[in-house]
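Enquirer: Here is what each chain is made of, one letter per residue.
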Amino acid sequence: MKPTFAPGDKVKVRAAEVTTHCRTPHYLRGKRGVVTRVFGAYPNPEQLAYHQIGVPYLPLYQIEFDFKEVWGRPARATVITADIFQHWLERDN
Amino acid sequence: MTRAVHDLGGQPAGPIELAEHERTFFDQRVDAMMRILAHPEHGYYTVDAMRRAIESLSGDQYFELGYYERWVRAIRQLVIEKRLISEDELNRKLTALKMARRLA
Amino acid sequence: MSGDHHHPHGDHAHDHDPHAPVSEVHGVSAESALLERALRELLIEKNVFTADDLRRQIELTESRTPELGAKVVARAWADPQYKAQLLADAKPAIENLLGIDLNLTPELTVVENTAARHHVICCTLCSCYPRAVLGIPPAWYKSPEYRARVVREPRQVLAEFGTVLPDDVEIRVVDSTADMRYMVLPLRPRYTEHLSEQELVALITRDSMIGVSVLTDSQR
Chain A
1 MKPTFAPGDK
11 VKVRAAEVTT
21 HCRTPHYLRG
31 KRGVVTRVFG
41 AYPNPEQLAY
51 HQIGVPYLPL
61 YQIEFDFKEV
71 WGRPARATVI
81 TADIFQHWLE
91 RDN
Chain B
1001 MTRAVHDLGG
1011 QPAGPIELAE
1021 HERTFFDQRV
1031 DAMMRILAHP
1041 EHGYYTVDAM
1051 RRAIESLSGD
1061 QYFELGYYER
1071 WVRAIRQLVI
1081 EKRLISEDEL
1091 NRKLTALKMA
1101 RRLA
Chain C
2001 MSGDHHHPHG
2011 DHAHDHDPHA
2021 PVSEVHGVSA
2031 ESALLERALR
2041 ELLIEKNVFT
2051 ADDLRRQIEL
2061 TESRTPELGA
2071 KVVARAWADP
2081 QYKAQLLADA
2091 KPAIENLLGI
2101 DLNLTPELTV
2111 VENTAARHHV
2121 ICCTLCSCYP
2131 RAVLGIPPAW
2141 YKSPEYRARV
2151 VREPRQVLAE
2161 FGTVLPDDVE
2171 IRVVDSTADM
2181 RYMVLPLRPR
2191 YTEHLSEQEL
2201 VALITRDSMI
2211 GVSVLTDSQR
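Protein chains in written order, with my numbering: chain A, 1 to 93; chain B, 1001 to 1104; chain C, 2001 to 2220.
Certain hints may be false.
Claimed, not checked - With a Cα cut of at most 30 Å, we get these calculated DSS-like pairs of lysine-lysine:
{"#": "1", "chain 1": "B", "residue 1": "1093", "chain 2": "C", "residue 2": "2046"}
{"#": "2", "chain 1": "B", "residue 1": "1082", "chain 2": "C", "residue 2": "2046"}
{"#": "3", "chain 1": "B", "residue 1": "1098", "chain 2": "C", "residue 2": "2046"}
{"#": "4", "chain 1": "A", "residue 1": "12", "chain 2": "C", "residue 2": "2142"}
{"#": "5", "chain 1": "C", "residue 1": "2091", "chain 2": "C", "residue 2": "2142"}
{"#": "6", "chain 1": "A", "residue 1": "2", "chain 2": "A", "residue 2": "12"}
{"#": "7", "chain 1": "B", "residue 1": "1082", "chain 2": "C", "residue 2": "2142"}
{"#": "8", "chain 1": "C", "residue 1": "2083", "chain 2": "A", "residue 2": "31"}
{"#": "9", "chain 1": "C", "residue 1": "2071", "chain 2": "C", "residue 2": "2083"}
To be verified - One-sided excerpt, in silico: chain B residues whose CB lies under 7 Å from chain A:
{"#": "10", "residue": "1003"}
{"#": "11", "residue": "1007"}
{"#": "12", "residue": "1009"}
{"#": "13", "residue": "1010"}
{"#": "14", "residue": "1046"}
{"#": "15", "residue": "1048"}
{"#": "16", "residue": "1049"}
{"#": "17", "residue": "1052"}
Hints listed in this document are in silico derivations from the structure and should not be mistaken for laboratory results.
Ideal Cβ positions, reconstructed from N, Cα and C, are used throughout, including at glycine.
Could you build all of it, start to finish, from the sequences and the hints given here?
Expert: Below is the structure:
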């Protein structure tokens, strides 16, 4: 799978509910961020966790989140980064 | 929204215990078993499956068990899932070990 | 640090004694110890692995200590060209310097702390850590408290480690949520220009490569 996003792109993490294994932390779901790195494609952990081979590989991004966007209160000069797979991201224009 | 037991970012929590802990033989063996069983080239399952098994522990178990105690339970679940060991075999072995301990 | 984590404590002879009491295990319930032993013995009986495989895996794990990371950091401080390679593509730069094979270990990125920008790494979902260069993570790194709090109140958490940064230093909390592991390249302490790389290695702490602490300036 080809990467859809590039560094600098504004994205929003899907606010999905899942009960199966996934690597998108709860505290970042529904939050807006900016793509800072594009890492290439990796096997889908949501399949690997259940003894499947994890294809298609998914583009993985480092996303930077402003502290206030995540926690709703300001903190001086503080950001959070996390690595999020493409299918959890939507474009935020 | 529902939050899984392991998904801790931002949850209320107390002070961080900074004391260093020595690794015991138990820790080392469980760690090594996990590395071998989840080896990327010839492993029997993935690290992701291991995480999924750990995450399936109840909240009480997750927080009351030590780190490698969680791991050993996840290994148990996965080697049975992958049919490396049957539930029966494991139970027989556990019974035999308990007997041996009582006799000792 | 209590004890020397390079050496497992206790009596080696007991390790392979099939009649050793399971209660030798400290801080672990008898049930967990019994389960570990049962699984290990069954998997060895079934040739899934051998006792020797297990021993070699333990040796490999114990050979990975923060000194490896410290050597990488010292070289990066001493050699700007090496630093550029390390920050651009960490794995080959580390493999070449240390002569270790990282082919089967997770991806690795090194993030640089500067006077203006401070990274601290964590894993809120489990315990992802740059084991290849720092060894087994400390207990606090894996604790629910660190994982829960460092993303929500990073300055307070750093303060608990004795690290108080000026307000204008940007803090970047790096949550290792997927295939990438992160190591921090700490800021070089002042007045260390005269030190050899080996002397620098001795100054570099594990915690500074996690980003919960900064290195103290040397005596002028």
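Enquirer: Indicate, hint by hint, whether the structure satisfies it.
Expert: So, going through the hints one by one against the coordinates:
1. At most 30 Å may separate the alpha-carbon atoms for a hinted pair to count; residue 1093 of chain B and residue 2046 of chain C meet this at roughly 13 Å.
2. For the hint linking residue 1082 of chain B to residue 2046 of chain C, the alpha-carbon distance of about 14 Å falls within 30 Å, and the restraint holds.
3. As the CA atoms of residue 1098 of chain B and residue 2046 of chain C are separated by approximately 21 Å, the hinted pair is consistent with the 30 Å bound.
4. Distance hint between residue 12 of chain A and residue 2142 of chain C is fulfilled; the C-alpha atoms sit about 28 Å from each other, no more than 30 Å.
5. Of the pairs offered as hints, the one joining residue 2091 of chain C and residue 2142 of chain C holds, with about 24 Å between alpha carbons and a cut-off of 30 Å not exceeded.
6. Taking the CA atoms of residue 2 of chain A and residue 12 of chain A, the gap is near 19 Å; set against the 30 Å cutoff, the hint holds.
7. A distance of roughly 27 Å separates the Cα atoms of residue 1082 of chain B and residue 2142 of chain C; the hinted pair therefore holds under the 30 Å criterion.
8. Restraint check for residue 2083 of chain C and residue 31 of chain A: not satisfied, since their Cα atoms lie roughly 34 Å apart, outside the 30 Å limit.
9. A hinted pair counts as satisfied when its Cα atoms are at most 30 Å apart, and residue 2071 of chain C with residue 2083 of chain C qualifies at roughly 12 Å.
10. The criterion of a C-beta within 7 Å of any C-beta in chain A is met by residue 1003 of chain B, whose closest approach is roughly 5 Å, and the hint holds.
11. With a cut of 7 Å, the hint placing residue 1007 of chain B at the interface with chain A holds, because the nearest CB-to-CB distance is about 5 Å.
12. The criterion of a C-beta within 7 Å of any C-beta in chain A is met by residue 1009 of chain B, whose closest approach is roughly 4 Å, and the hint holds.
13. Against a cut-off of 7 Å between C-beta atoms, the interface hint on residue 1010 of chain B holds, since the closest Cβ of chain A lies about 4 Å away.
14. Given hint, residue 1046 of chain B at the interface with chain A, holds; its Cβ is 4 Å from that chain's nearest Cβ, closer than 7 Å.
15. Interface restraint check: residue 1048 of chain B against chain A, minimum CB-CB distance 4 Å, threshold 7 Å, status holds.
16. Residue-level restraint check for residue 1049 of chain B holds (minimum Cβ-Cβ distance to chain A is 5 Å; threshold 7 Å).
17. Given the 7 Å rule on beta carbons, the hint for residue 1052 of chain B holds: about 4 Å separates it from the nearest Cβ of chain A.
This entry does not satisfy hint 8, going by the numbered hints stated previously; all others are met.
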